[in-house]
Amino acid sequence: DAKTTQPPSMDCAEGRAANLPCNHSTISGNEYVYWYRQIHSQGPQYIIHGLKNNETNEMASLIITEDRKSSTLILPHATLRDTAVYYCIVSHSPLDNQGGKLIFGQGTELSVKP
Amino acid sequence: DTEVTQTPKHLVMGMTNKKSLKCEQHMGHRAMYWYKQKAKKPPELMFVYSYEKLSINESVPSRFSPECPNSSLLNLHLHALQPEDSALYLCASSQDRGQETQYFGPGTRLLVL
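Those protein sequences? They're chains Z and X, same order as listed. In case it helps, the working numbering puts the first sequence at residues 1 to 114. In case it helps, the working numbering puts the second sequence at residues 1001 to 1113.
Just to be clear, a hint being listed does not mean it is correct.
Unchecked claim - Simulated coverage check for chain X against chain Z, where a stretch passes if three residues somewhere in it have a Cβ under 8 Å from a Cβ of chain Z:
1. 1043 to 1055
2. 1059 to 1070
Stated by the list, open to error - Which chain Z residues face chain X? A few, computed with CB under 8 Å, are given here:
3. C12
4. Y34
5. N54
6. S91
7. Q106
8. G107
Claimed, not checked - A few chain X residues that don't get close to chain Z, going by computed Cβ distances all over 10 Å:
9. K1019
10. N1075
11. E1100
The hints are simulated quantities; they were obtained by calculation from the structure and are not laboratory data. Built from N, CA and C at the ideal position, the CB exists for glycine as well.
The shape of chain Z in the complex, shown without the other chains (with noise of 0.2 Å):
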């Protein structure tokens, strides 16, 4: 079962920012958080991962809370070809003989709007 809890849908206009909340309140001291998107039609695309550190990359930002029992992933300035489904993803330990699995939840269906 997957370890995360999100919103099942997020409107958002165009040009303003997207923050997309994320509850993981079991995620174990070893575990990342990862977010991933799927535009319609197509394939998964990784977005950004974290640890515990808040994180920034050209696509997005990850704020993890300092207990680590949820995350907000931040799309700065949306636009229309954000509209997508988000999946926060706790990643198995690649220490343990379950690594690699990805393991989605339902996501959060993100519409940006003009």
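Since chain Z is already given, all that's left is putting chain X on it; use the hints.
For chain X alone, coordinates are given in the frame of chain Z:
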């Protein structure tokens, strides 16, 4: 080149047919994956290959048979499928197993009649 390619894009097959899906990557990745995605559902892991050896089988029925002939290629052989097996089949690769930065192909949309 960060591309994972999958062929064919679409496939229609009868329940008595045998067909194969093909996946290819040239990023030097040593782990490759098959996922199944039903309409309006998240992807579900089927198989994981690491260094050309099957390392995870998520209790997939034997009518799905994976094969990894070399480090760049991953096949999924299909035989005696059921209509409920109709789905989008996604292939992915990563640098190594346990590296959850996976690169996905566009998928093969399969319809079983």
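Here's how the hints hold up against the structure:
1. 1043 to 1055: With 6 residues closer than 8 Å to chain Z, the segment 1043 to 1055 of chain X meets the three-residue bar; holds.
2. 1059 to 1070: Not satisfied, violated; 0 residues make the cut.
3. C12: Given a least distance of 21 Å, the restraint on C12 (chain Z) is violated.
4. Y34: holds (5 Å)
5. N54: violated (18 Å)
6. S91: holds (4 Å)
7. Q106: OK, holds: Q106 (chain Z) within 8 Å of chain X, min 6 Å.
8. G107: holds (6 Å)
9. K1019: Given that every Cβ of chain Z is farther than 10 Å from that of K1019 (chain X), nearest at about 20 Å, it holds.
10. N1075: holds (17 Å)
11. E1100: violated (4 Å)
Checked against the numbered hints listed earlier, the structure breaks hints 2, 3, 5 and 11; every other hint is satisfied.
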